[in-house]
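Note that the protein sequences, when read in sequence, are chains A and B. For the first sequence, position 129 matches number 180 in the working numbering, and the numbering has no gaps at all. For the second sequence, position 117 matches number 168 in the working numbering, and the numbering has no gaps at all.
Hints were generated in silico from the structure; no laboratory data involved. Don't take every hint at face value.
Unchecked claim - Facing chain A, from chain B, some residues (calculated, C-beta under 7 Å):
no.: 1; residue: Val112
no.: 2; residue: Ile115
no.: 3; residue: Ala177
no.: 4; residue: Leu180
no.: 5; residue: Val219
Unchecked claim - Heads up, simulated DSSO-like pairs for lysine-lysine below, C-alpha to C-alpha not over 30 Å straight-line:
no.: 6; chain 1: A; residue 1: Lys190; chain 2: B; residue 2: Lys190
no.: 7; chain 1: B; residue 1: Lys98; chain 2: B; residue 2: Lys86
no.: 8; chain 1: A; residue 1: Lys217; chain 2: B; residue 2: Lys86
Fair warning: this is a prediction, and the values are worked out from it, not measured in the lab. Where is the CB? At the ideal position from N, CA and C, for every residue including glycine.
There are 2 protein chains.
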Amino acid sequence: MELYLERGFEQTTVAEIANRAGLTERTFFRHFADKREVLFGGADALKQLLVGSVADAPDPVAPIEAIAKALEGAGALLQQRREMALQRQSVIDTNAMLQERELIKLASLASALADALRKRGVDDPAASLTAEAGIAVFKIAFARWINERDPAVLPEIIRKLFDDLKTVTAGGP
Amino acid sequence: MELYLERGFEQTTVAEIANRAGLTERTFFRHFADKREVLFGGADALKQLLVGSVADAPDPVAPIEAIAKALEGAGALLQQRREMALQRQSVIDTNAMLQERELIKLASLASALADALRKRGVDDPAASLTAEAGIAVFKIAFARWINERDPAVLPEIIRKLFDDLKTVTAGGP
């Protein structure tokens, strides 16, 4: 990550990353498929966290509440790693291919969340609508948090945006 | 499009496409930046249609209603080109890079719609939330329409999903 910030993502080689981390290139590739995965490796852990949280939600809970709780949990984790999240984002912002990868990871999170809701017996289209709406909230909350347009901590921004989403979808301003 | 279906997207060259269309390669590149743009060139027209529709919405209308009306209009247009939409989708489904491009185009539509709402005086986060939620509805509606999981015509599916979105975000099932 430091190297990406110092030299730019494009200019950094896997050999340099491995060297800085005190690893061989071979060991690097045991952990990461390519150098983009240094930035996106956390997405799988995030997915598991979210899916686990939806699966463990108490039984009589509205789907949107299960998704909101899961995303607030993820937000709390990211809040503890704000410095790293900021660095990561400033690397991603410099490179269109990384921004695309970010969109793909978000789409994949949405479909994992929809699956988790279906496993709880939520039908379609409610499952996919709730999951996609949740990821939309998360994406906007994350951007506000990164750009400090919102002084609150991430889980609070997420919670507030779920309330706002309810207002706007009901035809509010 | 025919060639992509016959031979696969990867295997089709620009020379072959130009030849089938009775164009020179040079003329092809005057119209399309690359062979992916044959599939995505329509996205700009769609964006203009949507943005124009939001701009022209009657003044005292809820943001979500302006977005829903715009997307229903786009849906009506796609409905008239269902055969082409089906062919296009079956090409995209075979190729991960094309699916990524589709996600990028959808993200870009969402931000254009958010801008259009801001121009109508809608503040953030309402503007971005409404736009992203609208694109989430559109994405799900389109998938249902393509896969014929839903026998209705596209504008009706879109309208119905906006109602469902209101229900789920309000904590309904």
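Under the constraints set out in the numbered hints, which ones does this structure not fulfil? Of the numbered hints given earlier, those the structure breaks are 1 and 8, listed in rising order.
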